[in-house]
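J.: Let's have the full structure, built from the sequences with the hints guiding it.
Protein chains in written order, with our numbering: chain A, 24 to 610; chain B, 71 to 710.
Don't read these hints as lab results, they were simulated from the structure.
In this text, a Cβ means the ideal position worked out from N, Cα and C, and glycines have one as well.
Possibly wrong hints are sitting among the right ones.
What the hints assert, rightly or not - Far from chain A by the CB rule (all over 10 angstroms, computed), these chain B residues:
#1 ARG376
#2 VAL388
#3 ASN466
#4 VAL467
#5 VAL589
#6 ILE635
#7 ILE651
To be verified - Simulated DEER-style distance windows between Cβ atoms:
#8 PRO336(A) - ARG261(B): 41 to 49 angstroms
#9 VAL247(B) - PRO307(A): 39 to 47 angstroms
#10 THR274(A) - VAL631(B): 55 to 63 angstroms
#11 ALA59(A) - GLU540(B): 34 to 42 angstroms
#12 PRO140(A) - ALA294(B): 30 to 38 angstroms
#13 ALA318(A) - GLY610(B): 29 to 37 angstroms
#14 ASN314(A) - THR633(B): 30 to 38 angstroms
#15 GLY610(B) - GLY360(A): 33 to 41 angstroms
#16 ASN314(A) - ARG261(B): 29 to 37 angstroms
#17 GLU346(B) - ALA59(A): 56 to 64 angstroms
#18 LEU439(B) - PRO140(A): 53 to 61 angstroms
#19 THR274(A) - VAL687(B): 55 to 63 angstroms
#20 GLY610(B) - THR367(A): 48 to 56 angstroms
What the hints assert, rightly or not - Which chain A residues stay away from chain B? Per the calculated CB distances, all over 12 angstroms, these:
#21 VAL56
#22 ALA302
#23 ASP403
#24 ASN458
#25 ARG544
Read off the chains here:
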Amino acid sequence: MAVDLAAPRTSGSDHPEVSGRGDRPRPGGAGRVSRAWMAFGGAPRGRRVSGSLTVFVVSCVIGTVASIYTVRTGSNLDYGDAMAHLTISGRILDSKAPGLQQLGTVWLPLPHLLLLPLVQNLFLFRTGVAACILGTLCLGIAATALFRTMARLGFGGPARLVGLAVLLANPSLLYAFTTALTEPVLIAAILACLAGLAGWAFSSRRLSGGELAVFAGIPAGAGILTRYEAWALVLSGSIFVAIVVVRRGETLRRAVVCVLSFAAVPFASICWWLAYNAAWYGNPLEFLTGNYSAAAFTEVFTQQGQLTTKGNPGLSFEIFGWALLETAGLVPLALAGVGLIVTTARWGLSDRALLIWLAGTSSAFLLFSLTSGQHIMVNDVSLPTGAYNNRYVLSAVPWVALLVAALVHEVRGFARAIAMWPTVLAVAALLVGQNLWWAGDPGERMTVIEEANSGRVAFAPVKEMATWLHANYDGGGILMDESADKLAVAPVIGVPIGEYYNRATGDLFDEALADPQEYARWVVMHRVQVTNYATRSALDMVTEEMAEDPQFATDYRLVYAISDLGVYRRISDPEDPPFAEKSGSTS
Amino acid sequence: MRAPLEIGQSLLSSGLITEDQLEAALLRQRTEGGHLGHQLVLGGAIGRRELFDALAEQWGAPRVDLIAEPPDHDLVQAVSYPVALREGWVPWKRDGDQLIVATTVAPTRAVEERVLELCGPAELSFRVTTSWDLWRAIEAAHRSTLLFESQDRLATERPLSSALEGLTRWQRWSPVVVVLLVLVGIVLSPRTGFVLVLAGANVVFSAAILFKTLAAVLVPWRRAHQSRLRHAEVRERQRRGLPPIWRQRRADADLPTYTILIPVYNEANVVAKVVENIGSLDYPKSKLDVMLLLEADDEETIAVARAMKPPEYVRLVVVPPGKPQTKPRACNYGLALARGEFAVIFDAEDRPDRDQLRQAVAAFDRDDLERAEGLSTKNPLAVVQASLYYYNADYNVLTRMFAIEYAHWFEAMLPGMDAAGLPLPLGGTSNHFRVSALQSMGAWDPYNVTEDADAGLRASVQGFRVAVIESGTGEEACSQTAAWIRQRTRWIKGYLVTSAVNTRHPLRFARQVGVRGVVGMVGLIMATPLAFLAYPLALGFTAATYIGVQFIGLDLPAWVVGTSITTFLFGNAMMIVSAAIAATWRYNWRIGAFAIFTPVYWLLHSVAAWRALYQLVRDPHRWEKTPHGLTEDYESDAHV
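T.: Printed below as a string of structure tokens:
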């Protein structure tokens, strides 16, 4: 596509790089710390934003510390989805039916593809450290992107520091970045996209569509293949690009070229996803309409009358707001609210203001999803109450961070008499207070942690079974419907995924169900069929089949049972020593 | 006639120069050599006309304006233009039995004898003319000869080396036959036909990638080998009691005249930078022979060039209209008027390293020394190529990719090919020729749109050697996609034409250049455009297979699928890695990181390649000019 060039842009108040906003370096720097601080708050120079590497390294250190904590406590595997994501990634290569089709259609593929090289190591897979590594890198990317965005917006050092603190001092967010949930990749992609858009929009030189495609389009494309919130971001980002171009006084053609440049990679990503669905499932919209789609998922809730947000914007907003309150925190949220008012009053709908509004795209999308019935969220203000899917609001934390940073920036600009450090210390004190309040009862006061705790409790028996199986597995294959309710515990079982006959193995699973004696030494299933399920796909197909197979009881012996789960071993295989002696568990 | 110093005294006593100006000119003359008068003009002490007025008075010969009163046409033909330019005079008019000669040199007895030798017996009379008037008069008088030299000589005297005739019959028909056979094969057996097509595409793609990568891999070996040679030389020189390191840096006075050819067309916006860029060269200005080559129909650029009042050592040469109107034709025209022992081509916006000319001279001197001492069995050195880099490398994504490509080419591939003894295709600028060798090769082919690549290969065919020097020239990378595609179309078309020219008689070519020459021709000149033509097929197949579909309903053998994907992915990975390393070394990691987009960049090459194929059939000599000055004064610091 043509890349048009125009004369270099003139400066303007909407373009802080040119206008030189941001902290001025003090003449005659007073040592390394002082120079580092000046660099931290300095204006960008072309592509260079001083301090980026420092922010990245510090963020990764923070992520590493958080990971060490959650891995040691095992809480990084509390979410069932986290274990499922690890397993999906692992079975792309380590499976009896390896291949890209293992990505499935439930979730978008990028997080699994990124985990792919890491989960090849059984230790990293089993402990979830693979996700910690990815999450830590994503945290580094997210924080660096946020920092660079704030620099492009012209924020000084204190504002940038506060913005980073809002992001990095959020326990819910830090926890999520130690898990295999999709939030780390999504938030990193969103922030990287925003940083790219900011770099393009506020550059002193008129940058090309190609640079927009690389620095904003690629992260947007990554987001497209991570979560559907990013699809909305591409739309809002395209509108932003068009507005910026038109405001510059350029032609409509130029606006179209820039929008197309930005949207090219995301569009290619969407095309690839549609092609993938068409190739493997015969339906390009399988992800929307198939058995494992969000629509199928919410259908059960609808049938049970639990999708109360559908058609109810007020309730949707209330539930969303409560989740945001318990995730982002009252203090940051309050400061962000004030920041929103201040920036709206002072910036109006300028390009800088619009960029900050862009960060709220995911929140708008979430509200829309709740209201349209595409998504369900359960917390203390929903009907019924509970803790489910609240982690989705984590994608709003960057928006909160930007608004708080904007507030600090505007307050300092408004009242020059206010010294820098008291401002920062005041905000820091508030954030510390927020965290101390959370720490008082994290399971009740942080909905993301509350949901993790729920998961830990709900999965406790399954994990106990999985741990037992990990200790006693002696090869020979495992027949298990891993897609059934609460059986996505392959990481805890901790054997190579290639040992499983499960739904992901396609025809092999059917063959194993028909003749388990021929295929698997071990069978893991619900002893009683699942009745409390989120979708019909959560039914245990092994239970379904074995209940109809009279031969099963003669071929297999129950060697471990807990709750409604059972582990069976093929009778014809010698046990050395017999399991009754080893485990002491009941049959 | 009075002694040269007296011209200085004469001008001083006339009040035309000051003592300081005279002293400065004398100092330059002592260090650089040459005529005092010329140094005075270069230094701006006096104008050219004033100098020759003074010389006319000193020589006792009136001055004549050869532009207002050009030489007699028939008379001037008696002396060929190279002789006239070299001798510094032309027969001007006859006045009865008297032959009047217009001269820029002192009319000594030796000059008189030379005139009589060339023009026949006559009573001689002299007039003084300026050096500018002389060469312009010669150029005007011998224009038809110069035009023949520039556009027809190679095609006339060496038709097999010229691209004028285009493709031979078998070259035109063999691709058609191949395509027809493939189509028939696909119709008869789609599976087999497609397997063959895919296999062919993979072979071509692999050949191109392997050549490029292996050439780049040789660079460390080359450096190690050169280091070992240097150490061995130091030890030997010490053993012989010589200074350990050979440094052939000629004194300024011993430096040869150097011709710099700068072809410009529709570049009114950049031509003004020529003086600044060339003026920064560390080379005695009195030894420079710079020619700004302008096309007659480019009135705007001519006007700007005249208005900038270039210094004495820069000549404005307006190339007369002719066909084909190409850069090599203009360069040939300028070469015919060149005064230098060496010649180099630069573009108007080029910024060569300050000591590039000296490095080139040193390289040629080194070659002469080694051959004289029997230390080298290599072919005589005819050309040295400096590396090119972009001073606007990070202007946008396209310039970054261009910078990466050039870094890989000039920092990795060319040195690697040099180490392997392969013929080197030259770059468009900064190629330094020994003028005598260039003229014996037939100079540039005006009908080849990549005259540089052709010249490099022709040098090898004719028993010369091309080498690289470690000096660079900053250029402006094309920053607009449409303009880039046009430029790349021309380059790829030129490679196709060069392939065709050199393989008209494949066996003869192989005998002339040997195995290495054949490897270079096949691996680079032929494989590069073919790889770009085949690239969409390879990419499309890989993308489709990656999705996991059965391509066109064909159940392809697993080995085909696996080989194709592996070749494509591995090949691209190798290119990305080697290009990233070269670009990071040349610029920085911010540029090198963009090497990952090489597969996308190659799609643009494919567009250009198919365009080139079309033009090869319909308009093989069409020259699509690359615009310059697009990025105005933008300069990145990546190349620093």
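J.: Now look at each hint and say whether the structure bears it out.
T.: Evaluation of the provided hints:
no. : hint                                      : verdict
1   : ARG376                                    : holds (28 angstroms)
2   : VAL388                                    : holds (31 angstroms)
3   : ASN466                                    : violated (4 angstroms)
4   : VAL467                                    : violated (3 angstroms)
5   : VAL589                                    : holds (36 angstroms)
6   : ILE635                                    : holds (12 angstroms)
7   : ILE651                                    : holds (20 angstroms)
8   : PRO336(A) - ARG261(B): 41 to 49 angstroms : violated (58 angstroms)
9   : VAL247(B) - PRO307(A): 39 to 47 angstroms : holds (42 angstroms)
10  : THR274(A) - VAL631(B): 55 to 63 angstroms : violated (46 angstroms)
11  : ALA59(A) - GLU540(B): 34 to 42 angstroms  : holds (38 angstroms)
12  : PRO140(A) - ALA294(B): 30 to 38 angstroms : holds (35 angstroms)
13  : ALA318(A) - GLY610(B): 29 to 37 angstroms : holds (33 angstroms)
14  : ASN314(A) - THR633(B): 30 to 38 angstroms : holds (37 angstroms)
15  : GLY610(B) - GLY360(A): 33 to 41 angstroms : violated (52 angstroms)
16  : ASN314(A) - ARG261(B): 29 to 37 angstroms : holds (35 angstroms)
17  : GLU346(B) - ALA59(A): 56 to 64 angstroms  : violated (40 angstroms)
18  : LEU439(B) - PRO140(A): 53 to 61 angstroms : holds (56 angstroms)
19  : THR274(A) - VAL687(B): 55 to 63 angstroms : violated (37 angstroms)
20  : GLY610(B) - THR367(A): 48 to 56 angstroms : holds (49 angstroms)
21  : VAL56                                     : holds (27 angstroms)
22  : ALA302                                    : violated (5 angstroms)
23  : ASP403                                    : holds (44 angstroms)
24  : ASN458                                    : holds (37 angstroms)
25  : ARG544                                    : holds (31 angstroms)
When held up to the earlier numbered hints, the structure conflicts with 3, 4, 8, 10, 15, 17, 19, 22 and fits the remainder.
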